[in-house]
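Undergrad: For the protein sequence lines, the chains are A and B, in the order given.
If you read the first sequence in the working numbering, its first letter stands for residue 142, the second for the next number, and so on.
If you read the second sequence in the working numbering, its first letter stands for residue 201, the second for the next number, and so on.
Hints may be right or wrong, so weigh each one.
Pulled a few chain A residues facing chain B out of the computed Cβ check, cut under 8 Å [claimed, not checked]:
no.	residue
1	LEU182
2	GLY183
3	LEU186
4	PRO202
5	GLU203
6	TYR205
7	LEU231
Think of the hints as simulated: they come from the structure by calculation, not from any bench.
Beta carbons are placed, not taken as given, at the ideal position from N, Cα and C, and that holds for glycine.
The primary structure of each chain is shown beneath.
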Amino acid sequence: DVKVTQSSRYLVKRTGEKVFLECVQDMDHENMFWYRQDPGLGLRLIYFSYDVKMKEKGDIPEGYSVSREKKERFSLILESASTNQTSMYLCASSFRKRRQGPSNTGELFFGEGSRLTVL
Amino acid sequence: AQSVAQPEDQVNVAEGNPLTVKCTYSVSGNPYLFWYVQYPNRGLQFLLKYITGDNLVKGSYGFEAEFNKSQTSFHLKKPSALVSDSALYFCAVRHTYSGAGSYQLTFGKGTKLSVIP
């Protein structure tokens, strides 16, 4: 089974702190994604990465950065946390487009989520 | 551009009754559609997908979904609801063009299903 692991389930940080959210997947997926989930807004894509050291902005990248130094690991960084970044953060992974096989349909595999509270 | 609408924020159904969670989509080209479920304080779990073929797709936990091209809908259904089905359900559509080697999904805002004992 695919396993996507997010290092912290619950975090409480103070305004201005630097926050790292870590995500590791064990299925050799090329693509990794960070979403935030807020009530009434659904899932919104922050950043994604299709290869090591590659990153693309999603719909709401402001205030965030990412790092992908190894294929299995994708980190989300809040340089200076603010209260409006209080949210549930979800990491996901998938195979890249050109990988052949039945799994190559865009299906995402999600981690358990990291609930961040910024005070 | 692609989009997904889940017109109901909440659906309430009695245990043992059939349930339907609605989803409509907009995408150019052939649609690739997904349903995910999220239990409280958990990540999303894949339920089922429509790629091509039969309009009725069967998935996990007894769920199925009906694809209707003319109505651009992909409603999630279950013949007999269980209390344990209470959760948040998300419909998603794959982007026709994602570029850069990655497929992207656009998600609906979610529908909270409550199954009443």
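Undergrad: Are the hints correct? Go through all of them and say.
TA: Against the structure, the hints come out as follows:
Because the smallest distance between the Cβ of A/LEU182 and any Cβ of chain B comes to about 6 Å, under 8 Å, the interface hint for this residue holds. At about 4 Å, the closest approach between the beta carbon of A/GLY183 and any beta carbon in chain B falls short of 8 Å, and the interface hint on this residue holds. Taking 8 Å as the C-beta cut-off, the interface hint given for A/LEU186 holds, the closest approach to chain B being about 7 Å. Given hint, A/PRO202 at the interface with chain B, is violated; its Cβ is 14 Å from that chain's nearest Cβ, farther than 8 Å.
With a least beta-carbon distance of about 19 Å to chain B, the hint placing A/GLU203 at the interface is violated under the 8 Å criterion. Because the smallest distance between the Cβ of A/TYR205 and any Cβ of chain B comes to about 17 Å, over 8 Å, the interface hint for this residue is violated. Look at A/LEU231: its Cβ gets to within about 6 Å of chain B, closer than 8 Å, so that hint holds up.
Of the numbered hints listed earlier, those contradicted by the structure are 4, 5, 6.
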